[in-house]
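**Student:** As a plain string of letters, each chain reads:
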Amino acid sequence: MKASCLWSPRLLQVPDTPHTKHPSTTSTFWLAVILVANFTSGNASDLPTGARAIAMAGTYVALANTAEAVFHNPGGLNQLSGTEVAIFYQKPFGLEDVNWGTLAASVPIRDYRASLGLTTLSNGSYSEQALTLAWSQQYKRRLYYGIGVRYKRLKIDGYGSSSSVGLELGLLMPLSTKFSWGASAQNVGRSQFGSDEQMPQILRSGVALAATPELVLALEIFKDVRFDEEVRFGVEYRALQQLAVRAGMANHPDRLTAGFGLDLKPFILDYAFFTHNDLGATHQLSLTFRFGGVRPAGQATKSDGAEQ
Amino acid sequence: MKRPISRPSLAHCALLGVCLATCGPAVLPAQQNFEEKLLEAEEDDSEQSQLLEQISALRDQPLDLNRASKQKLEMIPNLASNVLDAILQFRKEKGKFRSVRQLEELPEINSSLFEYLRTVLVVAPKRLDAKRRVRASWRSRASGRRDEPTGYQDGSYASGSEKIYNRGKFNLADRVSAGILLEKDAGEKRLDDLALFFVRAKLTQGAELLIGDFQMQVGQGLVLWGPYGFSKGSNPVHPVRKRARGMRGYLSVDENAALHGIAARIAVGRLGLHLFTSKSSIDATPLSEEDIRSLGTSGFHRNANELAMKDVVEETIVGGRIEAGPFRRLRLGATAYGSTYSKRLADPDFERNHFKLRGDRNHVAGFDWRYEHAGMGFFGEAARSRSGGIALISGATLELQRIRLAILVRDYQRDFQNLHGFAFGEQGGATQNERGAYLGLQFHASKTTTVNAYYDVYAFPWRTYLQPLPLHGNDFMALLEQKFNRDLMLGLRVRQKSREEVQDFPADQAVGVEELVVRTQRQIRLQFDYRLSKEIRVRGRVEATRITYTGFGRDLDDQSETGFLLYQDLRFNPSPKIALAARLTFFDTKSFDSRVYQYENDLPGLVTNRALFDQGTRWYVLLKYHPVKSVALYAKYSELFKEGETTIGSGRDAIIGNLDRRFSAQLDLQLR
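The listed protein sequences derive, respectively, from chains B and Z.
Last residue of the first sequence: number 308 in the numbering used here, and the count goes up by one each step with no gaps.
Last residue of the second sequence: number 1672 in the numbering used here, and the count goes up by one each step with no gaps.
Simulated from the structure, these hints should not be mistaken for lab results.
Backbone N, C-alpha and C define an ideal beta-carbon position, used for all residues, glycine too.
Hints should not be assumed to be uniformly reliable.
Cβ-Cβ distance ranges computed for the label pairs, FRET-style [to be verified]:
#: 1; chain 1: Z; residue 1: T1647; chain 2: B; residue 2: G124; range: 33 to 43 angstroms
#: 2; chain 1: B; residue 1: G124; chain 2: Z; residue 2: G1155; range: 54 to 64 angstroms
#: 3; chain 1: B; residue 1: G160; chain 2: Z; residue 2: R1652; range: 36 to 46 angstroms
#: 4; chain 1: B; residue 1: S122; chain 2: Z; residue 2: T1647; range: 46 to 56 angstroms
#: 5; chain 1: Z; residue 1: W1462; chain 2: B; residue 2: D254; range: 45 to 55 angstroms
#: 6; chain 1: B; residue 1: G124; chain 2: Z; residue 2: N1485; range: 51 to 61 angstroms
#: 7; chain 1: B; residue 1: L215; chain 2: Z; residue 2: L1669; range: 52 to 62 angstroms
#: 8; chain 1: Z; residue 1: D1593; chain 2: B; residue 2: D254; range: 24 to 34 angstroms
#: 9; chain 1: Z; residue 1: A1308; chain 2: B; residue 2: G160; range: 49 to 59 angstroms
#: 10; chain 1: B; residue 1: G160; chain 2: Z; residue 2: D1558; range: 41 to 51 angstroms
#: 11; chain 1: B; residue 1: T120; chain 2: Z; residue 2: R1652; range: 41 to 51 angstroms
To be clear about the criterion: a stretch of chain B counts as covered by chain Z if any three or more of its residues have a C-beta under 8 angstroms from a C-beta of chain Z, and this derived list gives those stretches [said to hold, decoys possible]:
#: 12; segment: 200 to 209
#: 13; segment: 233 to 241
If we strip away everything but chain B, and leave its shape as in the complex, we get (with noise of 0.2 angstroms):
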C-alpha cells in the first residue's frame, strides 16, 4: 500500500520528472516535489480545502455546513439558508512561491441549492485550476444529497496542459438530534488525467456527534484509491458566543490539526494549522461572508459556535 499524496512521506523521494525553471532554493525544490508529486499522482484535488475542516483534520463529511462544503460534501449544502461566500488561502508548509487557494459560493434557488467552487494552485511555471458545479437538494429534512461535475485543468510550461472531468456525489443524513452521518464519493466515472493518469478517487463516510450543545466530535474515514485509509478524529468545541476552538488528528500520515473560528456576523473568520513530521506547518485562512443562516441537519449542526 502507498502512502498518502501531499501529506505523505513519498514527497521527500526526489522524484525522475520534470523540474522547475529555478531548481536552486530550497523552496522551489520542494515546491517542485510537491508538484510533481501531485501531477504524477494525478492531480492536486486532494488538497486540503476549507480552514474549518482542516482545524477538525478534514472531518468534514458529517458536518459539511458551509459553502466550502462543495469540496467535501455536495449534500450538506443545502442546509445553508442563505447565500454564502468563502474565500480560503494556504501557503503549503510555508513554501516561496507556492499557493493554493479556492473561492466557494452557493446560494438557494427556490427549494434546491447551487454551489460553485474554484480552486486555484500555482506557481510561476505550474498552474492547476477546477471549477466545481453543484447542484443539492433535500428530502423530508431526513436526507440532503448533491450532485457535482469537477472540471480541471492543469499547465505546466514547457510541458503543455490537460483537463479532465469527473462526478461528485454527496449525503448527509441526521440520523436522530444529536448525530448525522455522511458520505461522498469524488470522481465515481473514473475520469483520467492527462493521457493515462487516472483523476483520484475518493469515498468518505463518517458521523458527527453533538455530545453537548457546544461540543460537536467527528470522525471520518477518508480513503483515496491509491493510498492507505485515513482514519480522521476532530472536535470543535464553542467556548464563547463568538469564538469556537478545534483540533483534530489523523493517521496516514500522522498528523495533529487545530485551529479558531471568530464570527463577526456577517463575516467568518476560520483560521487552522497542521503539522506534518517532515514537512513542518502550514497555516491557513478561510474567510466567509454569510448572509443568512445554517438550517442544520438534526441538532448536529446547530452547535456550530463561529457559525450560527
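Fit chain Z to the given chain B structure using the hints.
**Tutor:** Relative to the frame of chain B, chain Z by itself:
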C-alpha cells in the same frame, strides 16, 4: 500491454448518480439481513440457488399462519423451537390468529423477529382451493462480460463469456410437481450443457414418487445431502439446527451432485420409508481405460480437454431410509446406500490423498435422531462407510425467550468415505478427517440489543491435500447489534480465525525449509443500517482485516498484512413495481492473503460473495421492475476497477486491463 482506459464514462456516472440520488431492495430489509447473515459465510462466488430457494420460496409463497402444519412451520429458516411452540400453543388455546400482527402479542417474538416473520407468514381469509390450483414459473437469465478474459477471445474456449440459464417449474395442487433446468456456462457451446428435470407425484395420501434428477436430504447430512448447506456465519444458531427435507427434485447448477433415477416415499402411520435408485454420469479425470484419478467437480465443458472429462464414469446407487416417529417427541431414522462405479477410482497420489475413496464401490449406512421438548433439542447422526471409517455428529440446542444456545460436536474419521454427504464443518461440507466442537449463542439482551457469538475449535487429525501435517484451528465471531430507534441499527462484528499451517515463506526459499506457523486472521467490521423513509434505505460499512503469522521461535512480523473495505449502499423502492439497489465499494489489501469479502445483492437465485483484493473500487446497480404481478425483470451492471494493475486474473481467465465489467439480466414469469 496496457489497454487504454475509457474516458470519463459519463453514462455510467450519470447512471450511478441517478441511483445514488434515488436507490432500493428487491427484498424487505429484515429478510435481506437474514439472508446475508446466513450466506456471507460462503467465501466464494457460488450459485447456491438451492439455499436461496428455500428462503425465497417462502417469500413468494408465505405459509398460512393458522393452517400450516408443524412440519411446514419447522422449515422456516431461523425459527426457534420455543417460538414455534408458542405459535402452536396460541392456535390451540385461542383458535386462530386474526392477523399476522397478533404475533407481536407473543412474548417470545421481539420486533426484529416479527419483521422477519411477517415476510414468511400470512393469515389467509379462507383455505385456498388447493385442488385446482396450478402454479408455474419460468426463469431465464443471461449474463456476460464486457471485458472478456483472453481465453474467450483466443479460441481456447468454445464460446464467448455469456452464460445462459433457463429454469421452469410446475405445480398442480401440490399433487404433481415438475421442473426443468438448462444451463450453459461461460465458454461452453451447448445451451443444454447442463440439463436436469424431475417429475414428482403424490400417488395416494402416503405415497409419493419422483422420477428424474433428485437429491436426498436426510439426518444431519453424514450419509446423504445435497451439494449445499449452511455453515458458520453471522447467525450462530441456525446453521446448526439442520432440517432435512427428504427427497427433492434437483434443479441446482452444481453439475455432478444430482442423483438421477427414481425415488419413492411411502408413509404408514408413524413409519416412513424412502427407496431410491440412481444411475448418473459423472465427470472424471481419466487415468486409463478402466481407471480414473478423481471425480470432476468444476462442471465446465469449455474445450476439448474439459469435454474429454465429461460423463466419463457412471455411478449406480441403490438406497433407502426408514423413519420412525414421533414417539412423544423423539424421531429416529436409519439410512443406507450402496454405490458402484463403471470405472475404478484409482488416485495414484497416496501421499496427499491417502484416505480417498478407491475402488469401484462404496456403501454408507447411518442412523439419526432428534428429540425436542420445552425449548430443548437434541439431535445427531452416526454413520459408517465401507472402509470401516465412522463419522459422528451430535448437538443440542436450548431456545428460551431471550437466549438461544447451540452446541455441536463432530468427529469425522479420516477413513470415513462418502461422496454424497454434506455436514457442518470447516471443509465446505466434507465429512472426512475433522474433529471439532462448536458453541453458538444468540442473546437478546434487551429489545434493542442483540449479541450473536460462536466459538469453534477443530482439528484435522490427518494431513489434508494441501497441508502435510495434522493441524488445529479455532474460529471466533461476535456480532453486537444495537437498535437506536425504529430506523437506525448499528452492528459491530469481530472475528478471529486461527489455524496452523505449513508455510515456506519466499524469504526462506533459498533454504527450502518449510515450517509450522499459526496464521491468524482478525476482522473488525462496523456497519450501520438506516431506514430513511419507507422507500429509502442506506447502509455504510467499514471493515478491516489483519493477517498475522506466528512462528515457533522466530519473528514473522514482516509477513503480516492488512486489508480494508469501505462501502456505501443505497436502496430505493419508489413503488411496489420498481426497486433499485446500488453500492460503491473501495478496497485496499496488500495481497490476496488479506482479501476482504462483500456479500452483494444479485439477481434472485444468485449469491455473490465477492473476494476483493489489491487496491481498487467496485460499484454495481441492480434494478427490479415488476410491470404486472406475474412478470418480474431484473438487471445488474457491475464494474471492478483495480488501481495500477495491467491484468486482472491469471491464465486463460486473465483480463488485459484493469477493469472487469459485467452485466446480467433475468426474466421471471409466474403463473398462479
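**Student:** If a hint holds in the structure, say so; if it does not, say that too.
**Tutor:** So, going through the hints one by one against the coordinates:
1. Z:T1647 / B:G124: 33 to 43 angstroms: 41 angstroms, holds
2. B:G124 / Z:G1155: 54 to 64 angstroms: Check passed, 57 angstroms falls within 54 to 64 angstroms.
3. B:G160 / Z:R1652: 36 to 46 angstroms: 41 angstroms, holds
4. B:S122 / Z:T1647: 46 to 56 angstroms: Between B:S122 and Z:T1647, where Cβ atoms are some 39 angstroms apart, the hint is violated.
5. Z:W1462 / B:D254: 45 to 55 angstroms: 49 angstroms, holds
6. B:G124 / Z:N1485: 51 to 61 angstroms: Given about 57 angstroms between the Cβ atoms, the range holds.
7. B:L215 / Z:L1669: 52 to 62 angstroms: 58 angstroms, holds
8. Z:D1593 / B:D254: 24 to 34 angstroms: 26 angstroms, holds
9. Z:A1308 / B:G160: 49 to 59 angstroms: 57 angstroms, holds
10. B:G160 / Z:D1558: 41 to 51 angstroms: 43 angstroms, holds
11. B:T120 / Z:R1652: 41 to 51 angstroms: Cβ of B:T120 to Cβ of Z:R1652: about 50 angstroms, so the range 41 to 51 angstroms holds.
12. 200 to 209: holds (count 3)
13. 233 to 241: violated (count 0)
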